[in-house]
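J.: One letter stands for each residue in the lines below.
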Amino acid sequence: MAPLEPWEKVFITKDEYLATAHGQIACVYCHGGQQSDDMETAHKGMISDPSEAGEGNSCETCHGDQAEHFDKSLHSNLAGYWETLDARSGAENHPAIESMFGNHCSSCHTTCGDCHISQPGSVGGGFIAGHVINKTPSMTRNCTACHGSRVGNEYLGKNEGTPGDVHFREGRMNCVACHTGAEMHNSDASCAQCHDTSKVEFQATNRYSGAQSPSCESCHDQVGKQGDQVIQHVLHAEKLSCQVCHSVSYTSCDGCHVAVSDKSGNPFFKTEATYATFVIGRNPVQNYHRPYEYVVLRHVPISQTSYEYYGENLLSEFDALPTWKYATPHNIQRKTPQTESCNACHGNPDIFLTEDKVSPEELQANQPVIVPEIPSTIGTP
Amino acid sequence: MRHRLIVMAALTSLFLFGCQAAETAEPRVENSPTAEAVVVSEAAPAATLPPANDYCLECHTDQEKLTSLATKEEDAHSSESEGVG
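First to last, the sequence lines map onto chains W and H. The numbering used here puts the first sequence at residues 247 to 627. The numbering used here puts the second sequence at residues 53 to 137.
Worth double-checking, as some hints may not be accurate.
Unchecked claim - The calculated lysine-lysine pairs, modelled on PhoX-like cross-linking and capped at a C-alpha distance of 25 Å, are:
no. : chain 1 : residue 1 : chain 2 : residue 2
1   : W       : K290      : H       : K117
2   : W       : K255      : W       : K290
3   : H       : K117      : W       : K260
What the hints assert, rightly or not - Distance windows between CB atoms, simulated:
no. : chain 1 : residue 1 : chain 2 : residue 2 : range
4   : W       : K381      : H       : Q115      : 24 to 30 Å
5   : W       : Q613      : H       : Q115      : 55 to 61 Å
6   : W       : H441      : H       : P103      : 44 to 50 Å
7   : W       : D317      : H       : Q115      : 32 to 38 Å
8   : W       : G473      : H       : S131      : 54 to 60 Å
9   : W       : K381      : H       : N105      : 26 to 32 Å
10  : H       : S131      : W       : G278      : 28 to 34 Å
11  : W       : T259      : H       : S131      : 28 to 34 Å
These are computed hints drawn from the structure, not numbers from a lab. Beta carbons: idealized from backbone N, C-alpha and C, even for Gly.
Using the sequences and the accompanying hints, generate a full structural model.
T.: Below, the structure written as structure tokens:
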């Protein structure tokens, strides 16, 4: 995605914008600052993005239903990062971890405007359509602008030799076809479908907290049920996540290290390796909502020395979480190498996460997901 | 025969009440846009309206002016990064 020119980032398309409801509101009502023909005076006290979650979010004035719980959205609170950082580091290391987080991770934080007005700050920012507020975010300029290197490339078929997701190739479905506004505005929205959330408070701590939202069954509701003609669905129901049979090769990464440049003073990262994988392992988050015994796993680029720039042995509890993580690759296919025959998986050591595929320094961390014994071959060869 | 008459009377009154209920519901739907309009006008005090001479818009809709004033921000995150983020 080509970056916008500096003027383009703040250029308001007058006719289009003034024709919208938001064009009827004074700029200073949301942005502060003051009316002046002097640029410096006009910008004094101005809030460039008044759509941060929490108090002072100007969107909430009119869009209370959408903005009210936005601080519970993982896009806003980045709780998923904190959960893993807290688990892998001792309390004594948290101050150093927090300063690392401020330099390298917090730019992934999302405001209302990052999805509805501008490109996210992490890809340079700038108005998408001259400050016209889009009800539906743009798939490529919002969603995959951040979720590009894995989800975006997989879904759109940009990884060489791997077709794009069938929902995109055949159905031209964009992200919001499955990921609803309710899910984006409040990561706990799905809890209310079964629980009385006025009595029990929920807080999603990562993207796999709580109910699957979206879930494949939301549309494919007959899969695994009585009358399903595909016997494999019935046999494997609740034993395998859908992706075990229906996803193909996806991206894994190794060895991300972060630092601040001596030259420019800017934070930067270096990733040692990026490669295609397809690995089935034991489910590290097995629960009521994800009862599967086996799931596909993606290697995340954490290493024991990822944050060594900020201090020695900051990830003192490195073994607390696997480095091969529960994954939901976005490259679903009806037919895959796994669906060709029973023994494409049964008795095939190549596609299971066995000890020999895990680097020695990560062996302990990955004990919960390593498959001790691969499922045996079916029938006679 | 008497039983049949009672059933018919009951069905007729149910039918009539059903129609009446539907008629009552209709005007409520028609009324709702008026109610919404009142809420919107109350929620839009004069302070939210743009001034006649809006300096913010004057500048931010002028491409030439912005081109001369806007400066390139330094990319603080990715300039020295390597690999997939």
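J.: Okay, which hints does this one fail, numbers in order?
T.: The structure breaks none of the hints.
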